[in-house]
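In the UniProt record's numbering, the protein residues as written are 1 to 916.
No lab work stands behind these hints: they were computed from the structure. Don't take every hint at face value.
Said to hold, decoys possible - Once the Cα atoms are required to be at most 30 angstroms apart in a straight line, the calculated DSBU-like pairs of lysine-lysine come out as:
{"id": "1", "residue 1": "Lys188", "residue 2": "Lys420"}
{"id": "2", "residue 1": "Lys218", "residue 2": "Lys272"}
{"id": "3", "residue 1": "Lys56", "residue 2": "Lys38"}
{"id": "4", "residue 1": "Lys382", "residue 2": "Lys335"}
{"id": "5", "residue 1": "Lys420", "residue 2": "Lys56"}
{"id": "6", "residue 1": "Lys188", "residue 2": "Lys622"}
{"id": "7", "residue 1": "Lys821", "residue 2": "Lys514"}
{"id": "8", "residue 1": "Lys690", "residue 2": "Lys622"}
{"id": "9", "residue 1": "Lys823", "residue 2": "Lys772"}
{"id": "10", "residue 1": "Lys408", "residue 2": "Lys461"}
{"id": "11", "residue 1": "Lys420", "residue 2": "Lys250"}
{"id": "12", "residue 1": "Lys622", "residue 2": "Lys286"}
{"id": "13", "residue 1": "Lys420", "residue 2": "Lys363"}
{"id": "14", "residue 1": "Lys814", "residue 2": "Lys843"}
{"id": "15", "residue 1": "Lys117", "residue 2": "Lys382"}
{"id": "16", "residue 1": "Lys56", "residue 2": "Lys24"}
{"id": "17", "residue 1": "Lys382", "residue 2": "Lys321"}
{"id": "18", "residue 1": "Lys514", "residue 2": "Lys579"}
{"id": "19", "residue 1": "Lys272", "residue 2": "Lys484"}
{"id": "20", "residue 1": "Lys522", "residue 2": "Lys699"}
{"id": "21", "residue 1": "Lys382", "residue 2": "Lys221"}
{"id": "22", "residue 1": "Lys17", "residue 2": "Lys118"}
{"id": "23", "residue 1": "Lys522", "residue 2": "Lys159"}
{"id": "24", "residue 1": "Lys622", "residue 2": "Lys561"}
{"id": "25", "residue 1": "Lys56", "residue 2": "Lys117"}
{"id": "26", "residue 1": "Lys579", "residue 2": "Lys602"}
{"id": "27", "residue 1": "Lys38", "residue 2": "Lys408"}
{"id": "28", "residue 1": "Lys60", "residue 2": "Lys823"}
{"id": "29", "residue 1": "Lys17", "residue 2": "Lys253"}
{"id": "30", "residue 1": "Lys13", "residue 2": "Lys24"}
{"id": "31", "residue 1": "Lys461", "residue 2": "Lys579"}
{"id": "32", "residue 1": "Lys253", "residue 2": "Lys335"}
{"id": "33", "residue 1": "Lys99", "residue 2": "Lys38"}
{"id": "34", "residue 1": "Lys272", "residue 2": "Lys60"}
{"id": "35", "residue 1": "Lys17", "residue 2": "Lys117"}
{"id": "36", "residue 1": "Lys17", "residue 2": "Lys38"}
{"id": "37", "residue 1": "Lys38", "residue 2": "Lys159"}
{"id": "38", "residue 1": "Lys602", "residue 2": "Lys618"}
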Amino acid sequence: MDVVIVESPAKAKTINKYLGGNYKVIASYGHVRDLPPKDGSVRPDEDFEMSWEVAKPSQKRLTEIAQAVRAADGLVLATDPDREGEAISWHVLEVLRQKKAIGKKPVSRVVFNAITKKAVLDAMANPREIDEPLVDAYLARRALDYLVGFTLSPVLWRKLPGARSAGRVQSVALRLICDREAEIERFKTDEYWQIAAQLATPRGDDFKARLTVFDGEKLQKLSIGNEERANVVRSMLESATYRVDGVEAKPTKRNPGPPFTTSTLQQAASAKLGFSASRTMQVAQKLYEGVDVGGETVGLITYMRTDGVQMAPEAIADARKSIGASFGERYVPDKPRYYASKAKNAQEAHEAIRPTEFGRAPKDVERYLDRDQARLYDLIWKRCIASQMASAEIERTTVDILASGGGKTATLRATGQVIKFDGFIGAYVDHRDDSRAADAGDDDDDSARLPEILANEELVKRAIDASQHFTEPPPRYSEASLIKRMEELGIGRPSTYASTLQTLQDRDYVVHEKRKLLPEAKGRLVTAFLHNFFERYVEYDFTAELEEKLDLISAGKLAWKDVLREFWQNFSNHVDGTKELRVSDVLDALNEELGPLVFPPKEDGTEPRACPRCGDGKLSLKLGKFGAFVGCSNYPECGFTRQLGTSLSGNGNGDEAEGPKDLGADPETGDPVTLRSGRFGPYVQRGEGKEAKRSSLPKGWLPAEIDLEKALRLLSLPREVGRHPESGKPILAGLGRYGPFLQHDGMYANLETIEDVFEVGLNRAVTVIAEKKENGGRGRGKPAALATLGEHPQLGGEITVRDGRFGPYVNTGKINATLPKGKDPSSVTLEEAIQLLNDRAEKTGKKGPAKKAAAKSRAKTTPKPKGKTAAVKSAANGKAPTKKSAAKSPAKRKAVKNPPAESSANGDDSLPWDAD
Numbered sequence: 001m002d003v004v005i006v007e008s009p010a011k012a013k014t015i016n017k018y019l020g021g022n023y024k025v026i027a028s029y030g031h032v033r034d035l036p037p038k039d040g041s042v043r044p045d046e047d048f049e050m051s052w053e054v055a056k057p058s059q060k061r062l063t064e065i066a067q068a069v070r071a072a073d074g075l076v077l078a079t080d081p082d083r084e085g086e087a088i089s090w091h092v093l094e095v096l097r098q099k100k101a102i103g104k105k106p107v108s109r110v111v112f113n114a115i116t117k118k119a120v121l122d123a124m125a126n127p128r129e130i131d132e133p134l135v136d137a138y139l140a141r142r143a144l145d146y147l148v149g150f151t152l153s154p155v156l157w158r159k160l161p162g163a164r165s166a167g168r169v170q171s172v173a174l175r176l177i178c179d180r181e182a183e184i185e186r187f188k189t190d191e192y193w194q195i196a197a198q199l200a201t202p203r204g205d206d207f208k209a210r211l212t213v214f215d216g217e218k219l220q221k222l223s224i225g226n227e228e229r230a231n232v233v234r235s236m237l238e239s240a241t242y243r244v245d246g247v248e249a250k251p252t253k254r255n256p257g258p259p260f261t262t263s264t265l266q267q268a269a270s271a272k273l274g275f276s277a278s279r280t281m282q283v284a285q286k287l288y289e290g291v292d293v294g295g296e297t298v299g300l301i302t303y304m305r306t307d308g309v310q311m312a313p314e315a316i317a318d319a320r321k322s323i324g325a326s327f328g329e330r331y332v333p334d335k336p337r338y339y340a341s342k343a344k345n346a347q348e349a350h351e352a353i354r355p356t357e358f359g360r361a362p363k364d365v366e367r368y369l370d371r372d373q374a375r376l377y378d379l380i381w382k383r384c385i386a387s388q389m390a391s392a393e394i395e396r397t398t399v400d401i402l403a404s405g406g407g408k409t410a411t412l413r414a415t416g417q418v419i420k421f422d423g424f425i426g427a428y429v430d431h432r433d434d435s436r437a438a439d440a441g442d443d444d445d446d447s448a449r450l451p452e453i454l455a456n457e458e459l460v461k462r463a464i465d466a467s468q469h470f471t472e473p474p475p476r477y478s479e480a481s482l483i484k485r486m487e488e489l490g491i492g493r494p495s496t497y498a499s500t501l502q503t504l505q506d507r508d509y510v511v512h513e514k515r516k517l518l519p520e521a522k523g524r525l526v527t528a529f530l531h532n533f534f535e536r537y538v539e540y541d542f543t544a545e546l547e548e549k550l551d552l553i554s555a556g557k558l559a560w561k562d563v564l565r566e567f568w569q570n571f572s573n574h575v576d577g578t579k580e581l582r583v584s585d586v587l588d589a590l591n592e593e594l595g596p597l598v599f600p601p602k603e604d605g606t607e608p609r610a611c612p613r614c615g616d617g618k619l620s621l622k623l624g625k626f627g628a629f630v631g632c633s634n635y636p637e638c639g640f641t642r643q644l645g646t647s648l649s650g651n652g653n654g655d656e657a658e659g660p661k662d663l664g665a666d667p668e669t670g671d672p673v674t675l676r677s678g679r680f681g682p683y684v685q686r687g688e689g690k691e692a693k694r695s696s697l698p699k700g701w702l703p704a705e706i707d708l709e710k711a712l713r714l715l716s717l718p719r720e721v722g723r724h725p726e727s728g729k730p731i732l733a734g735l736g737r738y739g740p741f742l743q744h745d746g747m748y749a750n751l752e753t754i755e756d757v758f759e760v761g762l763n764r765a766v767t768v769i770a771e772k773k774e775n776g777g778r779g780r781g782k783p784a785a786l787a788t789l790g791e792h793p794q795l796g797g798e799i800t801v802r803d804g805r806f807g808p809y810v811n812t813g814k815i816n817a818t819l820p821k822g823k824d825p826s827s828v829t830l831e832e833a834i835q836l837l838n839d840r841a842e843k844t845g846k847k848g849p850a851k852k853a854a855a856k857s858r859a860k861t862t863p864k865p866k867g868k869t870a871a872v873k874s875a876a877n878g879k880a881p882t883k884k885s886a887a888k889s890p891a892k893r894k895a896v897k898n899p900p901a902e903s904s905a906n907g908d909d910s911l912p913w914d915a916d
């Protein structure tokens with residue numbers, strides 16, 4: 001019997017069915033080793049020697065793998081067919097060799113692009129050795145990301161208080177977002193007018209034509225720049241006569257786009273389905289690993305981390321066969337279509353994302369999938385089948401119309417198209433053709449069908465329409481458009497895009513708002529700092545060149561340590577040069593670069609940096625314990641401060657006021673009520689001085705929406721709901737540090753929303769207080785499970801997803817792990833939950849239900865040994881060591897000076913944790 005190693009239990013379950021009893025398939029649960037999160041894990045002075053550490057949750061798993069391998073005839077490494085998959089196989093093999101579990105047993109590496117019986121059996125029949133150059137490329141990437149994270153982040157912490165960390169790819173992605181925001185802020189709007197005529201043929205058929213030439217001038221977008229000129233043109237057209245100058249009907253063809261790569265799938269899923277990049281990859285992973293289709297577990301799509309656009313010859317043949325059967329032979333082109341990627345640094349060796357069998361149409365498998373899986377599979381199947389279909393045949397008609405009047409002439413143009421043969425468009429049915437991106441310059445006339453229009457015939461004017469428009473700044477990046485731009489520049493890799501974007505949001509450098517990415521003030525400051533003092537390392541071409549070198553290492557054309565030596569020599573020298581950099585130097589640079597954005601010119605022409613409180617002070621950026629803020633130069637005499645928000649020039653929520661905003665007066669006291677922005681966010685205040693009453697804005701309340709009525713409601717808190725019927729003591733509803741609450745006789749109970757504070761009645765309040773008491777004053781009990789994912793393989797116990805006081809989390813036993821910010825609870829997979837719980841268990845030292853039961857069993861059955869130390873005796877009895885021995889325990893040692901590093905899902909682009 002041979003042992004087969006894969007990454008996930010779902011994949012192991014599917015493959016086990018294909019291989020039968022001669023094989024034992026075991027999951028590694030992703031990476032089993034990583035660089036320890038401390039200095040010295042990569043040692044440039046020792047020719048980049050690297051120290052690897054097995055995570056505690058993986059130790060038991062590797063022990064089980066080692067035991068199975070010792071009893072087996074051989075080992076088959078069957079992890080994913082990419083750089084990360086090769087690295088996992090290498091790590092597993094290295095650990096097994098250290099455990100002396102391999103010996104002389106045969107070891108082979110197999111890869112398959114799809115989890116189907118044929119693909120798996122074909123791979124098993126064609127084993128190979130581990131691809132050393134691919135592993136070298138992985139080692140180089142991990143070393144680069146570690147060195148950047150652990151070298152650059154401490155510089156940030158020292159020189160830019162409040163900043164969190166910097167990473168090789170994340171910093172460049174953040175710069176893209178910040179540069180686009182700066183471009184939007186600098187944009188100056190221009191006015192322009194568009195003029196069109198509603199015309200009719202002699203047969204009474206109406207159509208629309210746009211003005212293209214006026215009085216001999218070919219009009220550009222901004223040619224008619226004001227209403228005055230628009231009226232001159234409109235006046236001429238109102239009195240003009242119209243004649244058809246020419247009609248041209250030109251047949252054209254439209255070709256389908258290539259099948260999906262990782263980035264194009266993420267873009268399409270974002271545009272059509274509203275999926276985030278991480279959600280797209282989660283759903284695609286399920287489709288790849290396999291679902292139960294009619295009692296058989298099959299993988300529905302090929303591997304979803306790829307930048308190749310080509311399909312295997314047998315897949316093309318299968319697609320052509322399905323096209324003929326489903327659409328007809330006319331839809332099958334004479335020759336198969338072949339595609340080449342336009343993305344920079346694309347690795348064409350990988351196949352595009354495609355269905356494993358084209359015969360499985362979306363309607364055939366829909367009942368076996370959940371809604372998101374069905375929608376994504378439909379998107380992939382249609383795109384892939386369309387890529388091998390015949391071109392669409394279109395007749396595009398262009399009509400030029402001559403207008404004459406008042407001694408002047410003008411030319412108008414009407415366009416339209418008719419689909420003579422739908423070709424590949426027929427595959428989409430209810431989908432817009434996604435083989436091309438929607439062009440912002442397209443108008444409805446391009447796709448409209450024109451009536452019959454004959455050359456030289458006179459036309460009737462129905463109406464002249466002149467519409468005012470204004471130029472718009474470039475749009476903010478969405479996840480999809482940012483991924484597209486990163487791919488074009490050659491930044492990052494398909495496997496890293498989702499985790500890169502999530503990291504930026506987790507660091508509070510970027511906020512996701514209305515499907516657009518907006519840089520937070522913290523992100524703008526970090527980008528400005530890196531641009532001023534580490535410009536070379538956030539340049540787009542530099543990061544792309546590193547990716548090219550990693551690809552050359554993968555191809556065996558470059559030695560990975562040579563790449564590291566070249567990088568480290570320049571990078572370390574640059575970092576050393578910043579040691580004498582003073583915080584005042586940083587502030588000067590930030591004020592120089594961000595000044596125009598933080599202090600934009602005022603409409604009245606007054607000094608934008610003048611302090612609104614003292615008048616003679618000058619505002620500038622300051623750095624404090626919690627990051628950057630705006631302060632007055634007359635501090636401490638003048639204590640004016642202003643928080644920085646997304647827009648830098650205000651608080652990020654549309655409130656641009658540099659001082660208190662007057663909301664009115666309290667009708668009862670006559671005191672002024674103002675809206676203010678403090679170091680910890682916006683708040684309302686009644687009165688002045690020490691006696692003034694203040695209230696922070698609750699979550700979801702924007703400063704721009706606060707009026708006197710809302711402010712007075714907040715300032716009236718806490719309110720008395722009523723008297724408790726048993727104790728006779730008052731029940732109060734209020735807003736506190738941890739959100740809305742009820743308070744009675746020294747006991748607090750949470751309310752769900754701020755509206756409850758104002759609306760909750762006595763009966764409901766009494767019930768909430770009673771529920772709190774029933775739970776021993778510790779809250780209202782464990783929230784109901786939103787989903788049950790399965791049993792934890794190491795910690796034991798059932799894993800559930802719940803929504804708690806501080807947001808959604810996963811739970812097993814007494815271990816709770818909060819979901820990452822922005823993570824949809826319904827999208828959590830078993831593998832993700834296991835990793836989160838493992839990390840939490842390792843951090844807190846807690847044990848799961850199964851381990852605790854085992855510990856109790858040992859405590860009852862194991863006799864006390866003689867002649868041993870107290871710590872050893874205690875350990876033998878399953879008890880905690882004494883205080884004296886615990887002080888010497890490794891778990892109690894002083895924390896390392898540098899905070900630990902956080903790795904992305906596939907080990908790329910790691911960043912140290914926050915300094916705080």
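Hint check results:
At most 30 angstroms may separate the alpha-carbon atoms for a hinted pair to count; Lys188 and Lys420 exceed this at roughly 44 angstroms. A hinted pair counts as satisfied when its Cα atoms are at most 30 angstroms apart, and Lys218 with Lys272 does not qualify at roughly 38 angstroms. Distance check on the hinted pair: Lys56 and Lys38 sit about 16 angstroms apart at the alpha-carbon level, within 30 angstroms; holds. The hinted pair formed by Lys382 and Lys335 meets the criterion: a straight-line CA distance of about 19 angstroms does not exceed 30 angstroms.
Taking the CA atoms of Lys420 and Lys56, the gap is about 64 angstroms. The hint is violated against a cut of 30 angstroms. Between Lys188 and Lys622, the direct Cα distance comes to roughly 29 angstroms. Compliance with the 30 angstroms bound is thereby established for this hinted pair. At most 30 angstroms may separate the alpha-carbon atoms for a hinted pair to count; Lys821 and Lys514 meet this at roughly 16 angstroms. With a CA separation close to 26 angstroms, the supplied pair Lys690 and Lys622 stays within the 30 angstroms bound.
Between Lys823 and Lys772 the CA atoms are separated by roughly 29 angstroms; this keeps the pair inside 30 angstroms, and the hint holds. Among the hinted pairs, Lys408 with Lys461 is consistent with the structure: their alpha-carbon atoms are about 17 angstroms apart, no more than 30 angstroms. A C-alpha spacing of about 12 angstroms is found between Lys420 and Lys250, which places the hinted pair at or below 30 angstroms, so the restraint holds. In summary, the hint linking Lys622 to Lys286 is not supported, as the alpha carbons are separated by about 48 angstroms, beyond the 30 angstroms threshold.
Annotation: proposed proximity of Lys420 to Lys363 holds, straight-line Cα distance about 27 angstroms (limit 30 angstroms). For the given pair, Lys814 sits about 14 angstroms from Lys843 by alpha-carbon distance, which is consistent with the 30 angstroms threshold. For the hint pairing Lys117 with Lys382, the CA-to-CA distance comes to about 24 angstroms; that is within 30 angstroms, so the pair holds. Our distance criterion of 30 angstroms between C-alpha atoms is met by Lys56 and Lys24, whose separation comes to about 24 angstroms.
Restraint check: the Cα-Cα separation between Lys382 and Lys321 comes to about 15 angstroms, which is no more than 30 angstroms; the hinted pair holds. Between the alpha carbons of Lys514 and Lys579 the distance comes to roughly 41 angstroms, so the proposed pair goes past 30 angstroms and is violated. This hinted pair checks out: Lys272 and Lys484 have alpha carbons roughly 15 angstroms apart, not beyond 30 angstroms. Of the pairs offered as hints, the one joining Lys522 and Lys699 holds, with about 20 angstroms between alpha carbons and a cut-off of 30 angstroms not exceeded.
Of the supplied pair hints, the one linking Lys382 and Lys221 is violated, its CA atoms being roughly 37 angstroms apart against a limit of 30 angstroms. Of the pairs offered as hints, the one joining Lys17 and Lys118 holds, with about 12 angstroms between alpha carbons and a cut-off of 30 angstroms not exceeded. Between Lys522 and Lys159 the alpha-carbon distance is near 14 angstroms, which keeps this suggested pair within the 30 angstroms criterion. Between Lys622 and Lys561 the CA atoms are separated by roughly 42 angstroms; this puts the pair beyond 30 angstroms, and the hint is violated.
With a C-alpha separation of about 34 angstroms, the suggested pairing of Lys56 with Lys117 is violated against the 30 angstroms cut-off. The suggested pairing of Lys579 with Lys602 is violated, with an alpha-carbon distance near 38 angstroms, which exceeds 30 angstroms. For the given pair, Lys38 sits about 78 angstroms from Lys408 by alpha-carbon distance, which is inconsistent with the 30 angstroms threshold. Restraint check: the Cα-Cα separation between Lys60 and Lys823 comes to about 29 angstroms, which is no more than 30 angstroms; the hinted pair holds.
Pair hint Lys17 plus Lys253 does not hold up; C-alpha atoms about 47 angstroms apart against a cutoff of 30 angstroms. Restraint check for Lys13 and Lys24: satisfied, since their Cα atoms lie roughly 10 angstroms apart, inside the 30 angstroms limit. Annotation: proposed proximity of Lys461 to Lys579 is violated, straight-line Cα distance about 75 angstroms (limit 30 angstroms). Taken as a hint, the Lys253 and Lys335 pair is honoured in the structure, with Cα atoms around 16 angstroms apart against an allowance of 30 angstroms.
For a cut-off of 30 angstroms, the pair hint linking Lys99 to Lys38 stands: about 25 angstroms separates their Cα positions. For the given pair, Lys272 sits about 43 angstroms from Lys60 by alpha-carbon distance, which is inconsistent with the 30 angstroms threshold. For the proposed pair Lys17 and Lys117, the alpha carbon gap of about 9 angstroms is at most 30 angstroms, so the pair holds. At most 30 angstroms may separate the alpha-carbon atoms for a hinted pair to count; Lys17 and Lys38 exceed this at roughly 42 angstroms.
Proposed proximity of Lys38 and Lys159 is supported: the alpha carbons are some 21 angstroms apart, at most 30 angstroms. Restraint check for Lys602 and Lys618: the C-alpha separation of about 15 angstroms stays at or below 30 angstroms, so the hint holds.
Against the hints set out earlier in the document, violations occur for numbers 1, 2, 5, 12, 18, 21, 24, 25, 26, 27, 29, 31, 34, 36.
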